[in-house]
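Q: Given next are the chains, with one letter for each unit.
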Amino acid sequence: MKVIINNKTTETSAKTLFVLAEEMELPQKGVAVAVDNKMIPRAEWESTVLSENMNIVIIKAACGG
Amino acid sequence: MLQFISHYTEKYTYLDSVRMALEGGCRWVQLRMKDASIDEMRSVAVEAQRLCKEANATFIIDDNVALVKEIGADGVHLGKKDMPVYEARHILGEGFIIGGTANTFEDVKGLYLSGVDYVGCGPFRFTTTKKGLSPILGLDGYRSIVTRMREENIDIPVVAIGGITAEDIPEILDTGISGIALSGTVLRADEPVEEMRRLIDLEASKAII
Numbered sequence: 003m004k005v006i007i008n009n010k011t012t013e014t015s016a017k018t019l020f021v022l023a024e025e026m027e028l029p030q031k032g033v034a035v036a037v038d039n040k041m042i043p044r045a046e047w048e049s050t051v052l053s054e055n056m057n058i059v060i061i062k063a064a065c066g067g
Numbered sequence: 232m233l234q235f236i237s238h239y240t241e242k243y244t245y246l247d248s249v250r251m252a253l254e255g256g257c258r259w260v261q262l263r264m265k266d267a268s269i270d271e272m273r274s275v276a277v278e279a280q281r282l283c284k285e286a287n288a289t290f291i292i293d294d295n296v297a298l299v300k301e302i303g304a305d306g307v308h309l310g311k312k313d314m315p316v317y318e319a320r321h322i323l324g325e326g327f328i329i330g331g332t333a334n335t336f337e338d339v340k341g342l343y344l345s346g347v348d349y350v351g352c353g354p355f356r357f358t359t360t361k362k363g364l365s366p367i368l369g370l371d372g373y374r375s376i377v378t379r380m381r382e383e384n385i386d387i388p389v390v391a392i393g394g395i396t397a398e399d400i401p402e403i404l405d406t407g408i409s410g411i412a413l414s415g416t417v418l419r420a421d422e423p424v425e426e427m428r429r430l431i432d433l434e435a436s437k438a439i440i
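If you're matching them up, the sequences are chains A and B in order. For this note's numbering, add 2 to where a residue sits in the first sequence, where the first one is 1. For this note's numbering, add 231 to where a residue sits in the second sequence, where the first one is 1.
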């Protein structure tokens, strides 16, 4: 399925935000995520089901620098 | 994606403003207390952080990297005259969000290269909430910044800031900007909690159209 992550179309097999975060190896701390313009707390990542063309914004501590 | 920036008015304290934003459903708060002493800032920050944790909201603090580290906030927002990003990253490490302030595409690119996690870009229009502003951007300013970011493959989220009201939100999001930072427009409303709720609904509904 295609989703939009930070304005970029991205292919993912993840079904939930939680799995997507795992796929992207997002760190445990220093991350904020919004889906379709709404901030989603980490506790709700597992219950957030992804759908085609979903607009995801990820604010994360940059890796490596 | 809405970020609420704390402020005070004759009616409300900094902490009131944070509490109302959270009650209205905001899940991203920046504590900004210009001209406050460090002790005052620390005591408000600890309480604001507690409220944000209860609400599962992301909590960042303006400027004060040491305080962010001390209390374990989620991150820091650095203004143009604050500590350089690389220095803040060196102090905080990878587990903290670092945001920076930009007025031009060149600022955005510079911040991106220095490793910020998001950019607050503005001002959208003239605002009385903040002193010493850079030139206003308007919708065209955002359009051109988003276009150049795409050309140069810069994919960090940009949040529009500066004098934004409810009516502006759909148009600003249409430019490709990822989020909106608000302060005054919420606190000036008759019912700030309701206003926050309305703004969040407005932004979320924008995504469906």
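Treat the hints loosely; a few may be bogus.
If you anchor each label on the Cβ, the simulated ranges turn out as follows [as the list claims (entries may be wrong)]:
id	chain 1	residue 1	chain 2	residue 2	range
1	A	S49	B	E271	20 to 28 Å
2	B	G341	A	S53	43 to 51 Å
3	B	R381	A	Q30	24 to 32 Å
With a straight-line cut-off of 16 Å between C-alpha atoms, the simulated EDC-like cross-links for lysine to aspartate or glutamate are [what the hints assert, rightly or not]:
id	chain 1	residue 1	chain 2	residue 2
4	B	K242	B	E422
5	B	K437	B	D399
6	B	K311	B	E325
7	A	K10	B	D399
8	A	K40	B	E383
9	A	K40	A	E25
10	A	K31	B	E325
11	B	K265	B	D313
12	B	K312	B	D338
13	B	K437	B	E398
14	A	K4	A	E46
15	B	K437	A	E46
16	B	K284	A	E46
17	B	K300	B	E318
18	A	K10	B	E325
19	B	K340	B	D294
20	A	K10	B	E301
FYI, nobody ran anything at the bench for these hints, they're computed from the structure. Because the structure is a prediction, the values reported are computed rather than measured. Note that beta-carbon positions come from the ideal geometry of N, C-alpha and C, so glycine has one too.
Q: Evaluate each hint against the coordinates.
A: Comparing the hints with the structure gives:
Distance hint for S49 of chain A and E271 of chain B: a CB-CB separation of about 39 Å, inconsistent with the stated range 20 to 28 Å. About 36 Å separates the C-beta atoms of G341 of chain B and S53 of chain A, a value inconsistent with the hinted range of 43 to 51 Å. Evaluation of the 24 to 32 Å hint for R381 of chain B and Q30 of chain A yields a pass: the beta carbon distance comes to about 30 Å. Straight-line distance between C-alpha atoms of K242 of chain B and E422 of chain B comes to about 12 Å, which keeps the hinted pair within the 16 Å bound.
For the suggested pair K437 of chain B and D399 of chain B, the alpha carbons sit about 12 Å apart, so the restraint of at most 16 Å is met. Restraint check: the Cα-Cα separation between K311 of chain B and E325 of chain B comes to about 21 Å, which exceeds 16 Å; the hinted pair is violated. In summary, the hint linking K10 of chain A to D399 of chain B is not supported, as the alpha carbons are separated by about 24 Å, beyond the 16 Å threshold. The suggested pairing of K40 of chain A with E383 of chain B is violated, with an alpha-carbon distance near 27 Å, which exceeds 16 Å.
A distance of roughly 21 Å separates the Cα atoms of K40 of chain A and E25 of chain A; the hinted pair therefore is violated under the 16 Å criterion. For the given pair, K31 of chain A sits about 8 Å from E325 of chain B by alpha-carbon distance, which is consistent with the 16 Å threshold. Among the hinted pairs, K265 of chain B with D313 of chain B is consistent with the structure: their alpha-carbon atoms are about 12 Å apart, no more than 16 Å. Of the pairs offered as hints, the one joining K312 of chain B and D338 of chain B holds, with about 13 Å between alpha carbons and a cut-off of 16 Å not exceeded.
For the given pair, K437 of chain B sits about 12 Å from E398 of chain B by alpha-carbon distance, which is consistent with the 16 Å threshold. Proximity of K4 of chain A to E46 of chain A is assessed by CA-CA distance (about 21 Å); at most 16 Å being required, the pair is judged violated. With a C-alpha separation of about 21 Å, the suggested pairing of K437 of chain B with E46 of chain A is violated against the 16 Å cut-off. For the hint pairing K284 of chain B with E46 of chain A, the CA-to-CA distance comes to about 14 Å; that is within 16 Å, so the pair holds.
For the hint linking K300 of chain B to E318 of chain B, the alpha-carbon distance of about 13 Å falls within 16 Å, and the restraint holds. The straight-line distance between the Cα atoms of K10 of chain A and E325 of chain B is roughly 23 Å, outside the 16 Å bound, and the hint therefore fails. Of the pairs offered as hints, the one joining K340 of chain B and D294 of chain B is violated, with about 20 Å between alpha carbons and a cut-off of 16 Å exceeded. Distance hint between K10 of chain A and E301 of chain B is unfulfilled; the C-alpha atoms sit about 36 Å from each other, more than 16 Å.
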